[in-house]
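J.: Protein chains in written order, with the working numbering: chain A, 309 to 677; chain B, 309 to 677.
For the record, the hints were derived by calculation from the structure and aren't laboratory data. It cannot be assumed that every hint is accurate.
The list cannot tell twin chains apart, which means a pair is met if one copy fits it or any two copies do.
[Said to hold, decoys possible] Capping the alpha-carbon separation at 20 Å, the derived lysine to any residue pairs in SDA-like fashion look like this:
id : residue 1 : residue 2
1  : Lys384    : His512
2  : Lys469    : Leu490
3  : Lys629    : Thr368
4  : Lys476    : Ala487
5  : Lys595    : Ile573
6  : Lys419    : His334
7  : Lys645    : Thr368
8  : Lys625    : Phe464
9  : Lys591    : Gln440
10 : Lys476    : Leu459
11 : Lys375    : Gly623
12 : Lys645    : Glu367
13 : Lys625    : His604
14 : Lys419    : Arg432
This is what each chain is made of:
Number of protein chains: 2
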Amino acid sequence: MDFPARQKNIQQRLAVCRLDALLVSHLPNLRYLCGFTGSAGSLLLTGAGSTFFTDVRYETQAHSEVKGAKVTIARKALLSAVGEWIASRHKRSKKWVLGIEAEHLTVAERKRLAELLPAGVRLRNAPALVEQARMVKDDEEIIRIRHAAQLGATLFDRALKVLHPGVKEVEVAAEMEYAARLAGAAEMSFPTIVASGARSALPHGRASQQPIPAGSFVVCDFGVILGGYCSDQTRTVWVGDASSKEGNEARFAYEGVKDAQQAAIAAVRAEVSAGEVDAAARKVLRKAGLGRYFTHSTGHGVGLEIHEAPRVAAGQKEVLKPGMVITIEPGVYFPGKWGVRIEDIVVVRDGGCEILTPTSKDFLAVRSS
Amino acid sequence: MDFPARQKNIQQRLAVCRLDALLVSHLPNLRYLCGFTGSAGSLLLTGAGSTFFTDVRYETQAHSEVKGAKVTIARKALLSAVGEWIASRHKRSKKWVLGIEAEHLTVAERKRLAELLPAGVRLRNAPALVEQARMVKDDEEIIRIRHAAQLGATLFDRALKVLHPGVKEVEVAAEMEYAARLAGAAEMSFPTIVASGARSALPHGRASQQPIPAGSFVVCDFGVILGGYCSDQTRTVWVGDASSKEGNEARFAYEGVKDAQQAAIAAVRAEVSAGEVDAAARKVLRKAGLGRYFTHSTGHGVGLEIHEAPRVAAGQKEVLKPGMVITIEPGVYFPGKWGVRIEDIVVVRDGGCEILTPTSKDFLAVRSS
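Extracted from the complex, chain A is given alone in its bound form:
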């Protein structure tokens, strides 16, 4: 990763935003800009260079990880160190505007920082410069996300080995997470969803102690963090007889979601807006009479964070660019009954997109073992 170039890119935008400096404290932004992977740090970017602040717990780690910035170890609270560093270098007479990450800095942190700054220094809410830069992934980032997606896909194969009626949802999740760890994942990118029976109608149904019942769907939504980058994938499996009346109804909903997902993927290419991709999925479900059961947005960006820009939702004007990585995950939910969701990760390309999730999306029914 070319950390100095990423910092330079932000530094070059400071003047246009009428900022003399930017204080970055959001951890994924720090990792993106200078490689730091710990849990406490701040990066001060000025036209003249970068200074990274962390506390004594991360002294060794910061010196080995941080690239393109001078490392300063705070002997007290991190923001105090930043404030004092600025105060010691600032000429009293000079006006100086320090940009802050308004979406991440808390009200209390802003107040503490402001109290430490010398006269002449003013805080301003900066635009989301780093998040905007992070939207378009470089080749090395795409390779990492591809590896994460490939590892993620192997977990679903593992899940299918244990997913049967009577097995607890968490037993399926535990198998997947164990395999992920041994294969080198730092952790799961979010709490694993294995939602069966009526729980499959909960879009965020974390794996529970519930035994998987027959005659319903199981939604498996999961991802790993590998090399710092997230994967995100959903597959939904029918448990029971696929040729029964219930099975036929399930299949109808499943095929509707699958068609919607494929329509959205077909709509992804550079220069299209995120809202148009969302609309493509919604249109298919509406035509199938399932539109009102699709209660969330179609997708989101993925990278160092599991949810990042752009949002792929109704009316979103953000124009897709080559190198953006987004999820496409329509679903339909019948409260008290069951739900279906299918999700892939795709990379936006010039004339279309590349699907990173290698798993089949054919309707799959699991019978009693």
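Since chain A is already given, all that's left is putting chain B on it; use the hints.
T.: Just chain B now, with coordinates in the frame of chain A:
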């Protein structure tokens, strides 16, 4: 959990803080006050009652989980719904002060909220009322933390079955996490630390792909979330010959940390300050000539969050009360060589404390298998 009583407790403090209402958005505070376990919500507490806001993803879940508050589903952004709700009920002429959680609300969220509020409504940074209430655990909470600590302890036994020279750190972590999941843990309370060789000198050395070398310590610091509550425990194991020159030196450091940990535990009781507990550990290490290698604080509160109030650190004036649950975890670190840390969870009682971590702290050496 008596959620209505918890809400009432906060409501009764509003007037003293010169607040007409408090907007709670920090997720652990929401779980504490009304039982909601999802990832997006806000609770508005006024003298007249409580209203809980969430988005459509959590409609079913909120109606089944939330106690003591009316549930409102936001059709747009959550804070917009809160702002509109207040605007629709507020009499223009009346002055009304809404407290916000300054340590959690971001600068941007505060700005968006302020823009939606009608004239007469003013925002004020509220004291950390909910965090203060959460410091003292009730009997049901202590039972949950005890269960979490007991499950956590079984993971260390599991770790010892696989921890040998040549085994990768992540293989040990994977075993522990797999066992935790099957036993009902929702997730680990933080990324599992299995730090061997020179990595044991990193206080936050997450399990890596590094094979465990002989002739060094392995620090295992781990916890589970069970029933919503966290456990936190550290044990350090010597890998290699305990009777060698290196082994003797290791043992000296280990016994120093163990004595310091026991001295800190002996200092814990109601009416003592957190700073006094920290000082007790520090004094023992200083006498052993190890004081300068103890580079972090002695402990922290544990409950719904892995790190919560009170801090157990040098100079902390917070007075311990019966029912507080804290960690005691001194350690010494020799950069490039190795480190040692020992950590238990204890409940503050009137004349002393109760240790919740059942694992032995005797020096333990693991030889090649």
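J.: At most 20 Å between C-alpha atoms: does lysine 384 with histidine 512 qualify within a copy, between copies, both, or neither?
T.: between (39 Å within a copy, 18 Å between copies)
J.: Go through the copies and call it for lysine 625 and phenylalanine 464: within, between, both or neither, with a Cα cutoff of 20 Å.
T.: neither (34 Å within a copy, 51 Å between copies)
J.: Classify it for me, lysine 595 with isoleucine 573: is the Cα-Cα distance of at most 20 Å met within a copy, between copies, both or neither?
T.: Answer is within; shortest intra-copy Cα gap is 18 Å, inter-copy 67 Å.
J.: Is it within, between, both or neither when you check lysine 591 against glutamine 440 at 20 Å Cα-Cα?
T.: Neither. Shortest intra-copy (29 Å) and inter-copy (50 Å) distances fail the 20 Å Cα cut-off.
J.: How do lysine 476 and alanine 487 come out at 20 Å by Cα distance, when the copy is not named: within, between, both, or neither?
T.: For lysine 476 and alanine 487, both the intra-copy (17 Å) and inter-copy (14 Å) Cα distances are at most 20 Å.
J.: Between the shortest in-copy and the shortest cross-copy C-alpha distance, which are at most 20 Å for lysine 645 and threonine 368: within, between, both, or neither?
T.: between (53 Å within a copy, 12 Å between copies)
J.: Between copies, within a copy, both or neither: which fits lysine 625 and histidine 604 at Cα up to 20 Å?
T.: within (17 Å within a copy, 48 Å between copies)
J.: Checking lysine 476 and leucine 459: alpha-carbon separation at most 20 Å within a copy, between copies, both or neither?
T.: between (23 Å within a copy, 19 Å between copies)
J.: Regarding lysine 629 and threonine 368, is the shortest C-alpha distance of 20 Å or less found within a copy, between copies, in both, or in neither?
T.: neither (38 Å within a copy, 36 Å between copies)
J.: Please work out whether the CA atoms of lysine 645 and glutamate 367 approach to 20 Å or closer within one copy, between two copies, in both situations, or in neither?
T.: The answer is between: 15 Å across copies meets 20 Å, while 53 Å in one copy does not.
J.: I want to check one pair: lysine 375 and glycine 623. Are their C-alpha atoms no more than 20 Å apart within a copy, between two copies, both, or neither?
T.: neither (39 Å within a copy, 35 Å between copies)
J.: Between lysine 419 and histidine 334, at a C-alpha cutoff of 20 Å, which is it: within one copy, between copies, both, or neither?
T.: both (17 Å within a copy, 19 Å between copies)
Checked against the numbered hints above, the structure breaks hints 3, 8, 9 and 11 and satisfies the rest.
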